[in-house]
Amino acid sequence: MKITIILAFLAGPSLAAQPLLPRVTAKTLAGLQSLDPMVTLVTPPAGEAEVVRPDKQSIIKQSTILHHGTNWTIVPKGAVVFLPEEMKSRVDGVPAGTLLSWLEFLTMNRGWITTCEVTVAQATGKDPVPTERSAFWEKQNKVVVAVHQGGPITLRMNDPAPPTLTKR
Amino acid sequence: MKQIIPFILIGALQAGAQTESYVNFIRQTQQSSGVIWDMPVVSAGEAPSALSIESGGSLFQLWTVQQTTVKDHLLDQKLVGAYLPTADIKVTTLDPYLPVARTRVDQPFTVEINVAGLLTGEGLPVSATSVLFERHLASYSDEVTSLDPAAILAGAPFNSAYINSNGGTILKFQASALAAADPTKASGEEHFVIHALSDGTLSQTQLASDFVQIWPIASGAIKGISNGDALRFQSPQVELLLNDLYPRSDTYLMLFEGTQITGVEGKIIKAFPMDRETTESHVLRLTDFDSHITVDGEYTLVLLSDTIYGREMLCDPVTFSINRTLHVNASQVTFGNQ
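These protein sequence lines map, in sequence, to chains A and B. According to the numbering used here, the first sequence is numbered sequentially starting from 29. According to the numbering used here, the second sequence is numbered sequentially starting from 992.
By construction, these hints were calculated from the structure, which means they are not laboratory data. Take these hints with a grain of salt, some might be off.
[Claimed, not checked] Lysine-lysine pairs mimicking BS3-like chemistry, simulated, CA-CA at most 27 Å apart:
1. K89(A) / K55(A)
2. K1081(B) / K84(A)
3. K1081(B) / K1214(B)
4. K1081(B) / K116(A)
5. K1258(B) / K55(A)
6. K105(A) / K89(A)
7. K167(A) / K154(A)
8. K89(A) / K1062(B)
9. K1163(B) / K105(A)
10. K55(A) / K1062(B)
11. K116(A) / K105(A)
12. K1062(B) / K84(A)
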């Protein structure tokens, strides 16, 4: 008897019909919308709050494109620090084929791209890149991309103008 | 000088760009030196930035580029600096769906803001004592239910306010402010962003952002049978119009005996379960109406939808009667020989 009562009590709620609600009307919704919690905050005086919003940015337009017919990637403008004449057609053209991440693209194109690991101080131009390293770039017929811990980075080489060197 | 772990950005990759047709980039731009570094990324996870945060701050941007269209999208960005306030922002709803927050236009949601690094004192510039909180609205169209976050945040906000104390601020919105000709059918996104106030040296000021998807309230109609109909032998051709069903919902046509529809459980005569990323509209035809009604009497049809927000009717109930018993009126006459 006791067990029966307990089971009936436990089963009761699950057997009850779920409440059936009417569809919310536009009037009800307007009432909810009028309860704006932002009224508790301070509204800035007109023209006082100066912020800079992301407007019409494009990572592709802000990058140098490296491509090799079947695939391409992007690196920050200023990361290509040496560009042999023979490789000019592979830089900043119209992208074609498959876009790859930098690491995937580098792995597949080591035949014509090499990297130059730089420090943050070198990237900012505070410390110079040793001349023997930059001199070695000219002995290779490869595009040289400055990297920091594997990621392409812009490099300022004492000259604030575009840092790309071109082999003549 | 400090290093940060831009895990928020990487987490967002899962929301907007996880398929193979997109390639993702995290770009760090040093505000003082102008040095730009692309962080090697995978589709999910976290890693420390290899660059120190400069005094002018570092801007972290999460980009994705679509393979087929070569169109780039700025999914999120965050300005971090040793002398800048920091902020986190999170939108939560009743719907447990992930990875993005979603809700319905009439449902409440909460925006939780945490700010640190603001200064207090006399004579300080407003950029040191306050951050700006903005609410941006953007509607979906019939065809487009995916919007460019950067384009939304680039526009003028719906409204904005200062937050001028460190710590948590919780804002409980009772409903979305999105507008539409029929307000119950509004859909789109609400984006919330915290900006540092520019002193003229910052190229970007966004400290944190989050957003919520807003979906319309479903509606419907029961066609082919009307309130008060008295049915005899011809079966009605019942059609169900289901409009803007919530992405995760179970919609039913239920039959109740009599006119009582509350406190009693009806009989399901048509079901339409749905689990998608967007709302959907459908037309269903009821082909077995007769098999559900075997006894003459009065009945009520209710078109309803179960969602995380409860069990709601999509339109007014339809009550009808059915009488299929044959009454033969005859008289017996006996002819006999008189």
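Can you confirm whether the C-alpha distance between K167(A) and K154(A) stays at or below 27 Å?
holds (26 Å)
Taken at face value, is the distance from the CA of K1214(B) to the CA of K1081(B) at most 27 Å?
With a Cα-Cα distance of about 43 Å, the restraint between K1081(B) and K1214(B) is violated, given a limit of 27 Å.
Check whether the Cα positions of K89(A) and K1062(B) lie no farther apart than 27 Å.
Judged against 27 Å, a Cα distance of about 11 Å means the pair holds.
Does K105(A) sit within 27 Å of K1163(B), going by the straight-line distance between their CA atoms?
violated (44 Å)
For the pair supplied as a hint, K1081(B) and K116(A), confirm whether the alpha-carbon distance does not exceed 27 Å.
Outside the cut-off at roughly 47 Å; violated.
Given the hint that K105(A) pairs with K89(A), does the C-alpha gap stay at or below 27 Å?
Status holds; Cα separation ~9 Å.
Between the alpha carbons of K55(A) and K1062(B), is the straight-line distance 27 Å or under?
violated (41 Å)
Decide if the proposed pair is consistent with the structure: K1081(B) and K84(A), CA atoms, cutoff 27 Å inclusive.
holds (25 Å)
Given the hint that K1258(B) pairs with K55(A), does the C-alpha gap stay at or below 27 Å?
Violated. K1258(B) to K55(A) sits at ~32 Å, over the 27 Å cutoff.
Compare the distance between the alpha carbons of K116(A) and K105(A) with 27 Å, and conclude whether the hinted pair is satisfied.
Roughly 15 Å separates the two Cα atoms, so the pair holds.
Compare the distance between the alpha carbons of K1062(B) and K84(A) with 27 Å, and conclude whether the hinted pair is satisfied.
holds (12 Å)
Restraint status (C-alpha distance of K89(A) to K55(A) at most 27 Å):
Between K89(A) and K55(A) the Cα gap is close to 48 Å, so the pair fails against 27 Å, i.e. violated.
Checked against the numbered hints above, the structure violates hints 1, 3, 4, 5, 9 and 10; every other hint is satisfied.
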